[in-house]
Amino acid sequence: MGKYGFLAILASVGAIALLAFGLVAKGGPSIAIGEEAPAASVERLGGDGEASIADHRGKWVLLNFWASWCEPCRDEAPAIEDFANENSRDLVVIGMNSRDLTPDAEKFAREYGLSYELLHDGDGEQMDSYNVKGLPESFLIDPDGEIALIYRGPVDAEVLRQSFEPLIEARS
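Counting from 15, one number per residue, gives the positions in the sequence shown under my numbering.
No lab work stands behind these hints: they were computed from the structure. A hint or two may mislead.
Quick list of in silico lysine-lysine cross-link-like pairs, BS3-like style, CA-CA up to 30 Å [as the list claims (entries may be wrong)]:
1. K73 - K121
2. K73 - K147
3. K121 - K147
Between beta-carbon pairs, the in silico distance windows are [what the hints assert, rightly or not]:
4. E172 - E57: 30 to 36 Å
5. E172 - D104: 16 to 22 Å
6. A54 - R166: 18 to 24 Å
7. E49 - D137: 21 to 27 Å
8. S55 - I164: 29 to 35 Å
9. D137 - S177: 25 to 31 Å
10. N145 - S66: 16 to 22 Å
11. G148 - G63: 15 to 21 Å
12. D118 - D158: 32 to 38 Å
13. E125 - S44: 30 to 36 Å
14. E183 - G48: 18 to 24 Å
Glycine is no exception: its CB is placed at the ideal position from the N, C-alpha and C atoms.
Turn these sequences into a full structure, and let the hints steer you where they fit.
Below, the structure is given as structure tokens:
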């Protein structure tokens, strides 16, 4: 192999390495506390029109990403329902069902008696816009539409009381 052949191979390997690094480093869109929450319109679970986080400006919003096939989502569902009922004056809870089948999600909602607003993100577009790493994940959005808290993993009554409630009470 001549000098030019070696340089061509070296250039090809370098280009592939840069491309791979760019794809890995890019990941999903970044979202951080203090940034404006993505607020696209999303279909309501059951198909009764669309809704958006922006519909609730002026109120706190707890946005919870879940799926019927997610066991930790099943574990946290009763605590989120209770928290929604206990804080309904200051807080709107939205359950964002993601990458799930509508009939399975509707069955889950009936099984756990979920009374808060449920949206259906079947293709996972909203998961991607919030850079959700896994289910469940929850976002607390302040009355101005900015992310106030990101909680990755399942919540329970204690987490909701200790992490979410103080932020709501301090700025309501």
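Now for the hints, and whether the structure bears them out:
no.: 1; hint: K73 - K121; result: 29 Å, holds
no.: 2; hint: K73 - K147; result: 26 Å, holds
no.: 3; hint: K121 - K147; result: 25 Å, holds
no.: 4; hint: E172 - E57: 30 to 36 Å; result: 33 Å, holds
no.: 5; hint: E172 - D104: 16 to 22 Å; result: 19 Å, holds
no.: 6; hint: A54 - R166: 18 to 24 Å; result: 21 Å, holds
no.: 7; hint: E49 - D137: 21 to 27 Å; result: 23 Å, holds
no.: 8; hint: S55 - I164: 29 to 35 Å; result: 22 Å, violated
no.: 9; hint: D137 - S177: 25 to 31 Å; result: 30 Å, holds
no.: 10; hint: N145 - S66: 16 to 22 Å; result: 18 Å, holds
no.: 11; hint: G148 - G63: 15 to 21 Å; result: 29 Å, violated
no.: 12; hint: D118 - D158: 32 to 38 Å; result: 35 Å, holds
no.: 13; hint: E125 - S44: 30 to 36 Å; result: 35 Å, holds
no.: 14; hint: E183 - G48: 18 to 24 Å; result: 19 Å, holds
Hints 8, 11, counting from the list given before, are not met by this structure.
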